[in-house]
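Using the sequences and the accompanying hints, generate a full structural model.
Residue numbers (my numbering), protein chains in the order written: chain A, 1 to 535; chain B, 1001 to 1355.
Honestly, the hints are just simulated from the structure, not real lab data.
For clarity, every value in this text was computed on a predicted model and none was experimentally measured.
All C-beta atoms in this analysis are idealised placements derived from N, C-alpha and C, irrespective of residue type, glycine included.
If you only want the chain A side, here are some residues facing chain B, beta carbon under 8 Å, derived:
hint, residue
1, Leu366
2, Gly375
3, Ala384
4, Ser395
5, Gly398
6, Lys442
Derived list of chain B stretches under chain A, where covered just means 3 residues or more per stretch with a C-beta under 8 Å from a C-beta of chain A:
hint, segment
7, 1231 to 1239
8, 1243 to 1251
Here is what each chain is made of, one letter per residue.
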Amino acid sequence: MTSLTETDLAPAASTSLVDVRGVSKSFGATRALIKGNFDVRPGEVHVLAGENGAGKSTLIKILGGVHRPDAGTVCRDGAPISFRSPREAMAAGVSVIHQELSLIPTMSVMDNIMLGREHSVLGFMTRESQRAFVDGALARIGLAIDPDRLLGSLPVGAQQMIEICKALSTGSGSRLIIMDEPTSALTEPEVERLFTAIAGLKADGCGIIYITHKLEEVYRIADRITVLRDGQHVITAPVDAMPANELIRHMVGRPLAEQIKRRAPLPGVTVLTALGLTVIDRTVHSDAAASPDGTRRVRVSPMNLTVRAGEIVGLAGLQGSGAGDVLAAVFGALDSRYAVHGSMTLAGRSYIPQSPGRAIANGVALLTSDRHRTGFVPAMSIRANTSLAALQTVSPLGWLLMARERALADAVIQTLRVRAQAMTVPITTLSGGNQQKIVLAKWMCTSPRLLLLDEPTRGVDVGAKHEIYELMNQWTEQGMGILLITSEMPELLAMADRIVVMHRGRVMDVMTRNQADAERIIHAAMGGEINGIAE
Amino acid sequence: MASLSETHIRERLHDLRVLWRRVWAYPVTPAIMALVLVLCIGLTFPGEKPIVYGDDGQEMQLPAAFHKWTTHRDTLRLVSVYGILACGMTVVIITAGIDLSVGSVLGLTAVCFPLLLMYFHWPPVLAVCGTLAIGTVCGLVSGGITAVFRIQPFIVTLAMMVFARGLAKAVTGGKKAPLYIQSEDGTIHYPPVVQAIRTRWFDDNLAVVTVVFLISALITWILLSRLRWGRYLYAIGGNEQAARLSGVPVAASKILAYALAGLFSAVAGICQAAQETNGDPEAGATYELTAIAIVVIGGTNLMGGSGGIGLTVLGALTIGYIQKILSINQVPEAWRLMLTGIIIVAAVLVQRRRA
Chain A
1 MTSLTETDLA PAASTSLVDV RGVSKSFGAT RALIKGNFDV RPGEVHVLAG ENGAGKSTLI
61 KILGGVHRPD AGTVCRDGAP ISFRSPREAM AAGVSVIHQE LSLIPTMSVM DNIMLGREHS
121 VLGFMTRESQ RAFVDGALAR IGLAIDPDRL LGSLPVGAQQ MIEICKALST GSGSRLIIMD
181 EPTSALTEPE VERLFTAIAG LKADGCGIIY ITHKLEEVYR IADRITVLRD GQHVITAPVD
241 AMPANELIRH MVGRPLAEQI KRRAPLPGVT VLTALGLTVI DRTVHSDAAA SPDGTRRVRV
301 SPMNLTVRAG EIVGLAGLQG SGAGDVLAAV FGALDSRYAV HGSMTLAGRS YIPQSPGRAI
361 ANGVALLTSD RHRTGFVPAM SIRANTSLAA LQTVSPLGWL LMARERALAD AVIQTLRVRA
421 QAMTVPITTL SGGNQQKIVL AKWMCTSPRL LLLDEPTRGV DVGAKHEIYE LMNQWTEQGM
481 GILLITSEMP ELLAMADRIV VMHRGRVMDV MTRNQADAER IIHAAMGGEI NGIAE
Chain B
1001 MASLSETHIR ERLHDLRVLW RRVWAYPVTP AIMALVLVLC IGLTFPGEKP IVYGDDGQEM
1061 QLPAAFHKWT THRDTLRLVS VYGILACGMT VVIITAGIDL SVGSVLGLTA VCFPLLLMYF
1121 HWPPVLAVCG TLAIGTVCGL VSGGITAVFR IQPFIVTLAM MVFARGLAKA VTGGKKAPLY
1181 IQSEDGTIHY PPVVQAIRTR WFDDNLAVVT VVFLISALIT WILLSRLRWG RYLYAIGGNE
1241 QAARLSGVPV AASKILAYAL AGLFSAVAGI CQAAQETNGD PEAGATYELT AIAIVVIGGT
1301 NLMGGSGGIG LTVLGALTIG YIQKILSINQ VPEAWRLMLT GIIIVAAVLV QRRRA
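Structure, rendered in structure tokens:
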């Protein structure tokens, strides 16, 4: 009965492949999606746009059966549904093609496509029937690939096509296909092939949700565009009604968070200069622009960079911009796969970053973007994590002076106001914000003069966020130079004194705090025309 | 009044539960519990009480084996060689590695020691140091290949296990190398250094090998808890990427861990050869598995990043007592092996932490 009334309330849904009405989803205190509205019609490409954290992934995860909404209804072909698992969504004809491949490189193309739904008789796989099925699936999207080839031996672009082929050959009914940045690993010709396949799917009446960070792609394939911002639906419009500047305005659109206060001291002496800094992937052959797996040979094109004492320099860029590689190169954290060229000076002295250990000894610190993977050691105590990078200063001749370690770590932890029951409990007992503060404390123990921050407030609650901004203010007042990467626009605009925008390894734009505005940054970060480069 | 005492009892129970949770949180608690459990089994099955007949033909009952001090003393002595190997194994496992070669390196050093001492007539101090150096080099090679070429330690040390065993056989031509001199009248003399290692002090109550085990454990404790390098080992085992990005010399630390395992294998090899009064190229086969079992039963996680030497000492005692209890109860070999397997799994299950 209830389902009937709901269907009656949304008559438009009958013409849509999927119709999302008033869907909300929270994770703890974070409201990831608030009353989201969205629909996809047969034969259209609907681009979902928004900055990081706008709610795009939450929405597609609800459609793909990964999350269940807290409120609201999702209708599929007019009937309300609620997927309990990705399998159910797949069976209902919703296919999600993720950014990261979900294929197994050590298995053949055929085994990958058939994984989890092998054709079998009494448990014995029937090769012929599987082969026929896979041949059909490959032919449908015009792929000429031997099904017996090992998946890992194919270029990433081809693997991506196999992923798409696999997604399309599951389930039944009118299809909804969700593509999350499918071209991030593809070369130009592969992108063309994908777009041809998309055109074919449209002609077959499939609906496609397409997420991309590339402006030109939006205007090549979109029929309609929906913009999300801070978990809320902003606008849905046909592509003709939304020119690029309009789209960017909607994506940024917020009154910039004024509560972030930057007290910029007068910049002092130059801390870091990098001339012609270049990062090259050695595994990619020199006459190829990109390797078979789609990674660029030149990760960072020659760029110049200076950071002065007391200054926060923002490095802006979307995924694959190379900003992260710049930080890793300055910290000496890139492994032998990459070659770093160019000359650097640190506080006036010539500086060659060979290893993180040397960088730390020279007063450089790097806060990585993923603290769980690269920031702290989960099994170790709060105190041991704090002193880890500065152990040499508290262990003359290798003998750990526990009292000195405690004095050093606890003093820094106190200035950062970490709330913990004891310094000897594992770091994992802390909240995300306090964990992040401990990782910051680790670097403060090394008394750096140059602090490299990669997403310093990611996964941190609002209170801790503002404490971290305040710390950044204090540190620059003490004469530290900071190089900051952040995907949060308000944070970048509020905290950075100077902003360098990168796109695919190249510096696209440089602006001071006064010149900076969100639209100009996004325009440059998406590879827009260069409006005058300073450096 | 009734309700008051009831709340009182409830509060008391709550306090006890809080206390228990806190005690249980100590890493040694489960290890001690496993040992106590095994000791309880020993008390339940203390072995047959041997009956002897006195001069007057009167029946006399002697105390059961488990109730005698000599049983416990022997347990300690017999587990010492395994314990020495387990010290090195603990260090390696804390870095999230494994060293399968310790048993074979024990065999290699067990034949190298008599070779240097008896055949080349090196002075005892040099012979001991030379043997220790051979073990350390084996560890340096395993560690170096693991760290520099980034090959899984399982494979590298498996290769070293096979190689060192082959080398041990090549050195002596497959024969045992004697550590004694047989004079013409048939009496056997031991070199002083061999005699010293075989000795048991205080009326046979304390074996020198046990002292060597305890010193090895002490050295390991100093490394793990008091030296910077020990902290590095925990950091590498806990999160290698984070450790590298915190300036930890990852390769050097790993090489140190494997070198130490090799050094302790050589120590065990010398002890084993001295106890048996000859160097057997087959010595130490499958000892690596016992060493791993000791570390795991102590509670050190095979995934690395946690654990400690105190746990390993407790684990050594647990394994030693399991063996001893099974042997004093005359459990047949076949059953002994099966029961050991079951007890290892049970002990690890008992130790499993609440998530």
